[in-house]
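Fit chain B to the given chain A structure using the hints.
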Amino acid sequence: MTKRLILAFAALIGSVALFAQEPSGGVKGTVIDRNGRQPVEKAHLVLMKGAAAIAEAQSAEDGTFQINGLEDGMYTLVITAPDFLETQVQVTVNDGYVKNMFNLSLSAVQQITEMDDDAFDAFDMDDSGYNDNPTILFGSNDVFNNIAGYNFSSVRFNARGYDSETQDVYLAGVKMNDAITGYSPFSLWSGLNEAMRSKETVNGTEVSDYGFGGYNGLTNIFGTASQVRKGLRGSLLTNSSLYRLRVMASYATGVMDNGWAFATNVSARLGGNDWIDGVYYRSFAYYLAADKVINNAHKLSFVFFATPGQRGAQNASTQEVYDLMGDNMYNSNWGYQNGRVRNARVRKTNEPIAIFKYDFTPSDKFEASFTALYRFGTNGYTALDWYDAQDPRPDYYRNLPSYFMDENPDMNRNNELKYAWANEVWSHSKYYTNLTHVDWDRLYNVNRQQDGRRSKYVQEERHTDQRDLNLALNFKARFSNAFTLTGGASARINRTEYYKTIADMLGGLYFLNIDNFAERDFAATPYKLQNDLDYYMKHGKAEVITKGEKYGYDYYAQVRNFGGWLNGSFTFGNFGLTLGGRINYESFWREGLVRKGLFPGLDQNGNKLVVDGVTIEPTYDPDGSVTTSLGKSQTAKFLTYAGKLGLNYVIGGTMRVYANVGYFTEAPKFNQAFLSPRTRNTMMTNLKPERIFSSDINWQYSGNGINIRATGYYTTINNQSKVMSAYDDVQNAFSNFAISGINERHMGVELGFKFPTYIVPNLSVQGVVALGEYVYTSNPRMTQTLDNSAEVVMSNTYVAYWKNTQLLDGTVVQKHYVPSTPQTAISLGLAYNYNYWFIDGDVEYFGRSYLDMNPLYRTDYAVAGLDYNVTDEEIRYMTTQEQFAPAWLVNLSIGKSWYIQRKYQLGFSLNVKNILNNRNVKTGGYEQTRMVDNTVSKERYYRFDSKYFYMAGTNYMLNLYFRF
Amino acid sequence: MKKTIIAIFALAALASCQSLKEEWQPVFTCDSNLPADFVPYTESNLPGFTGTWSTIKELKALYNGKPVEVTGNVWIKGQVISSDKTGNIYRELYIQDETGGIDLKLGKSSLYSEFSLGQWVYVYCDGLTLGAYNGMPQLGLEADKTTTNDYETSYIDVQAIIDQHVFRGEIKDPLKPYVITEDELKAAIKAGFEGELWGKLVTVEGVSYSNEVFALFYPNSNLPHTSANPENRVFLSDKGTWGIDTWACSKNKFIEYLESGVWDSAEVGSGNTRYGSILGKPSDYLQPGKTLDSFGADAYITYKEIMIKYANSNYVSHYFKLGSTTVQVRTSGVARFSDTKLPSKLYNGRANADITGIMTLYNGSAQLSLIDDPSVSVVVY
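Chains as they are written, first to last, in my numbering: chain A, 1 to 964; chain B, 1 to 381.
For reference, chain A alone in the conformation it holds in the complex:
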């Protein structure tokens, strides 16, 4: 009926036009998705005559469009749509007829989405602070994000310098950011590219229909069966920087006549790569989904997917090691076992997700959805563990030449013979693979030599197994053309179990569940060494464990989160305004599942424990409560809120000026709150919510084949806290460092552009400029406690050189910067699209990246050294933040597809990155927390060398695909 009305209306309009004796020519057609042949709604069509835009239209729900009133002549029709490449078509209108173009197909933004593994997984190393997140949220129809998201991923560019956990990532309307860390866990669906392709993204502080979001954008992945592109698809991918082979297939029915839609997606990613030995994939993925459209008002969706598999991880090393090995991609995690490479650090995951979603659309003015999502399964990360044995890491600092010789006599290192031999080993590593890589043979044989074959070395598997139940309700009500209200409510119950098991006994037969760090201080007090004191009290001896059994630590992180948000959008002519707010309640606590000997607390009746006939005097937390390891901690509770205001003014249909401002309070996360969650329930004191102010102003032009967005932004992030643990050489003890009051300021400009060259048809110029300054603006406070005893050795002390390097006379010689992202990033390139070919070439420049700072080096304590005397030279040495050298990169992408019998499609894309083979681009790293204190002068401390990650040299990805 609607269609008929439109046709009638169109006929009427046509008649009027004829009557008016205006030109009778025109153009019409249907915009479709080239892959799925499905209509593309709301595609923007601009008709150009020469360089002038003379008409515009928007495709209807069924993809159709028509432009009338055209004189005879040649025109160019430019079609743009979210998630699709811009397409230009030549049109000739003759004899006053309406030219029917039939189907005009658009290609999805293919070359970006196929690169997502590269962008997401290469830095998945939780020990080093990296995670699975992409640096920029793809999938938006934003010229800056589309170019930067692809081109800048290899240097870990963070938009506006924000941490990646500030990006809100939703799946089927549910916020998926990790309950414990805040990270957006893209690895949960990595390898399911087809199933997760459909998404919608907003930038900065904009509000999405699916959630209130923060200040770093929000993307919602639809993920249900009817959103998967219809048809059968397959692809074969090989690349040189991550894994050798990816095989992927998907099939989706679309919504069938009976109202059902089914979709599936499977993939396997296998093999190693050209650049980093030991990094490999053996990952699989499956996705099953069904939708049932009951009627226009009701739709049910069911989804189940998982990505079981494992992959080897990379490790950072010092520059000394890289230089000696002649390879900045050296990975110390692996060694040969029977001639095969074996990685000690392997991430093993199998975390299925089940989703139920109900969509309710009683009218075109109201829509709502309810989603229940449950995540479960296991997430493990292996590593070597050892008891009373030599450190098995090949690049342990005592194995390096620098440990035996240093030019600085104060370092007290001068033995030429040892230096020469250590140098010989590392500079001729192929003859000493047992010393420059993990010596698996030795580990096995040490275990075999022990009495009863007690394992001295094992491979542990650290688990963070989530049980994560999420409920989300979202709605959108259009009260009038001028006012739309969106909102939602959510609830989350998360219980994450942290524990470790023995993954491999490495030739031994048993292992004892005791704490070898505790043994250093309390060897004569057996109960204190016990990781499970209750077992010891019951059996009179330490627990004997074997493969697969838990040991070390075992506790729940319990998180509860409830929230709601509302956002109103008002439109007054060309002026728009959005105003929204969010309120959230979060609580979390630790629940210890074992009683640790170091912190036994009281018995279940509140009485002192008696072990080995001795009454144990409890220790006390800073708040006066008994330090415990078993049972529940106190509960941290936070009520947070946020507000956003957006203003938007459209000029002439092609230009938009808009601004956003937001203020947020954010609860600290569980992993920022507990001093040493593996050992005890003690929480940081004075935990406060973060306070964020964010604003941006933007100018956007989109028309005539030209896309430009320019943005200026200013953000302050205050009251951040974090906890880290490290060995302190001065205390000779493993320590916990709790830092609070970290403030940052992020400000800068972004420019993204793409426009035709007007010289060569179909050739565009595209580029991105991101200039920012992301700095620390406060000197936080730090409390240091010893892990074994909870003794406070540094209490609420100012980290006096955190925000800058300031000399004794007050001169600031260096600001300190938010690390691990270039603060200058520029890309300039050409893009050619014609007849199903695409060729993109880009030149990029990255500068002003900084190394992640260690707070200990920024304390007066570390700067003053052993003589308590601070000099400018010591300040400069200890507190200066390393700036990475700038880098130039050249990338090239090429692709083409063919239709066979108008039914099948074959295509390929080839991406070659870092064509200049620049192997000296640091992408991240960290300062070690350790200090050299054994000096001759006994006047000062020296830093340990920092550790780095580097970008791979020239690498390629070839993707072949077919669809029908």
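Read the hints as simulated data drawn from the structure, not as lab findings.
Some hints here could point you the wrong way.
[To be verified] Only pairs whose alpha carbons sit at most 20 Å apart, straight line, appear in this in silico EDC-like list of lysine to aspartate or glutamate:
no., chain 1, residue 1, chain 2, residue 2
1, B, Lys309, A, Glu791
2, B, Lys309, A, Glu939
3, A, Lys28, A, Asp62
4, B, Lys341, A, Asp612
5, A, Lys938, B, Asp298
6, B, Lys290, A, Glu939
7, B, Lys290, A, Asp410
8, B, Lys281, B, Asp293
9, A, Lys430, B, Asp163
10, B, Lys85, A, Glu416
11, B, Lys309, A, Asp933
12, A, Lys632, A, Asp554
13, B, Lys85, A, Asp388
14, B, Lys281, A, Asp867
15, B, Lys309, A, Asp867
16, B, Lys239, B, Asp264
17, B, Lys321, B, Glu212
18, B, Lys341, A, Glu519
19, A, Lys922, A, Asp852
20, B, Lys309, A, Asp729
21, B, Lys145, A, Asp406
22, A, Lys541, B, Asp373
None of these values were measured; they are calculated from a predicted model.
Same frame as chain A, now just chain B:
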């Protein structure tokens, strides 16, 4: 067009096949993937061995009062008699043949994991350095050329050097300790470096406790604490046991002793330079200048408080008598048994004991290092 498509697919197929060939797999713990058992060295498969052995005694004889770099095809062999399992011996391995024992300065921790008691060890001595530490023979590497070095040898702590000089042989039954007499001990002490007992596994029988200890503490061990820094040294000696009834003291036990007040009369200083008791402050004893300033803000708290603030585990030597000859039992504060009390009967002089350990020489005194827990090494009767 067709050719292009075929070429691309051929390329992809080639890449994929290549990838399958190249793809290595993570090892799994099935038997076929386990590394082979370690094959111990024997005299027949030692690399470069020409069939001539030197005895440990012959090796020691090369020492001439100064460190000597051993040159030539010099091999010694011996069986392991030490274990660092209890932590009382650290970064050293003692081996013994029929002529005596020697301290091999393998600068690695947890050596007992790879060197079992009784295991044969073959040492290619060419390039190693024979020296002495306060009279005790040691085989290590050339000394560090640092300005603060006091040692004639340095640790063999580069694994590549160990691999070329130290070869692990078959594991045999542990050697039985040699029971020494007072006369033998006196003779060894008199002989000094050349004494045959040093570095040997021995039992001293029938010793009695002398009610005397010796310990040296550095109030702030991060500051200079050589003999040139008496302001940072505290001795416990010449006054009985100072209340110490444990073999040594861990950090926590050290603090416990300090807080109990039994060491309050201990003096700061060494040699002829004595400042006063640890209840005084550096500002009470020292003049402004480097020595006082080096304590920073700590200059105005008592030495006792400084010692608690920078507490560490500490060695303690307990004195025993074999007949009339003193034997010190020196125990490390990081030993697992450091806080274990001496048997009360022994401590109170109501019983004697047989004590087994490695006999060493320290500045003309005989010191015994326990290699096992006192419940095994010290038999009281």
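So, going through the hints one by one against the coordinates:
About 11 Å separates the Cα atoms of Lys309 of chain B and Glu791 of chain A, which keeps this hinted pair within 20 Å; it holds. The hinted pair formed by Lys309 of chain B and Glu939 of chain A meets the criterion: a straight-line CA distance of about 19 Å does not exceed 20 Å. Between the alpha carbons of Lys28 of chain A and Asp62 of chain A the distance comes to roughly 13 Å, so the proposed pair stays at or under 20 Å and holds. A C-alpha spacing of about 16 Å is found between Lys341 of chain B and Asp612 of chain A, which places the hinted pair at or below 20 Å, so the restraint holds.
Proposed proximity of Lys938 of chain A and Asp298 of chain B is supported: the alpha carbons are some 15 Å apart, at most 20 Å. Of the supplied pair hints, the one linking Lys290 of chain B and Glu939 of chain A holds, its CA atoms being roughly 11 Å apart against a limit of 20 Å. Note on Lys290 of chain B and Asp410 of chain A: the hinted pairing holds, with a Cα-Cα distance of about 18 Å set against a maximum of 20 Å. Taking the CA atoms of Lys281 of chain B and Asp293 of chain B, the gap is near 12 Å; set against the 20 Å cutoff, the hint holds.
As the CA atoms of Lys430 of chain A and Asp163 of chain B are separated by approximately 16 Å, the hinted pair is consistent with the 20 Å bound. As the CA atoms of Lys85 of chain B and Glu416 of chain A are separated by approximately 31 Å, the hinted pair breaks the 20 Å bound. Restraint check: the Cα-Cα separation between Lys309 of chain B and Asp933 of chain A comes to about 17 Å, which is no more than 20 Å; the hinted pair holds. Only pairs whose Cα atoms come within 20 Å are accepted, and Lys632 of chain A paired with Asp554 of chain A is accepted, the gap being roughly 13 Å.
Taken as a hint, the Lys85 of chain B and Asp388 of chain A pair is honoured in the structure, with Cα atoms around 8 Å apart against an allowance of 20 Å. As the CA atoms of Lys281 of chain B and Asp867 of chain A are separated by approximately 17 Å, the hinted pair is consistent with the 20 Å bound. Of the supplied pair hints, the one linking Lys309 of chain B and Asp867 of chain A holds, its CA atoms being roughly 16 Å apart against a limit of 20 Å. Of the pairs offered as hints, the one joining Lys239 of chain B and Asp264 of chain B holds, with about 13 Å between alpha carbons and a cut-off of 20 Å not exceeded.
With a C-alpha separation of about 11 Å, the suggested pair Lys321 of chain B and Glu212 of chain B falls inside the 20 Å cut-off, and the hint holds. With a C-alpha separation of about 18 Å, the suggested pairing of Lys341 of chain B with Glu519 of chain A holds against the 20 Å cut-off. Taken as a hint, the Lys922 of chain A and Asp852 of chain A pair is honoured in the structure, with Cα atoms around 12 Å apart against an allowance of 20 Å. A threshold of 20 Å between alpha carbons decides the hint, and for Lys309 of chain B with Asp729 of chain A the separation of about 15 Å falls inside it, so the pair holds.
Of the supplied pair hints, the one linking Lys145 of chain B and Asp406 of chain A holds, its CA atoms being roughly 11 Å apart against a limit of 20 Å. The straight-line distance between the Cα atoms of Lys541 of chain A and Asp373 of chain B is roughly 18 Å, inside the 20 Å bound, and the hint therefore holds.
Violated hint: 10 only; the structure is consistent with all others.
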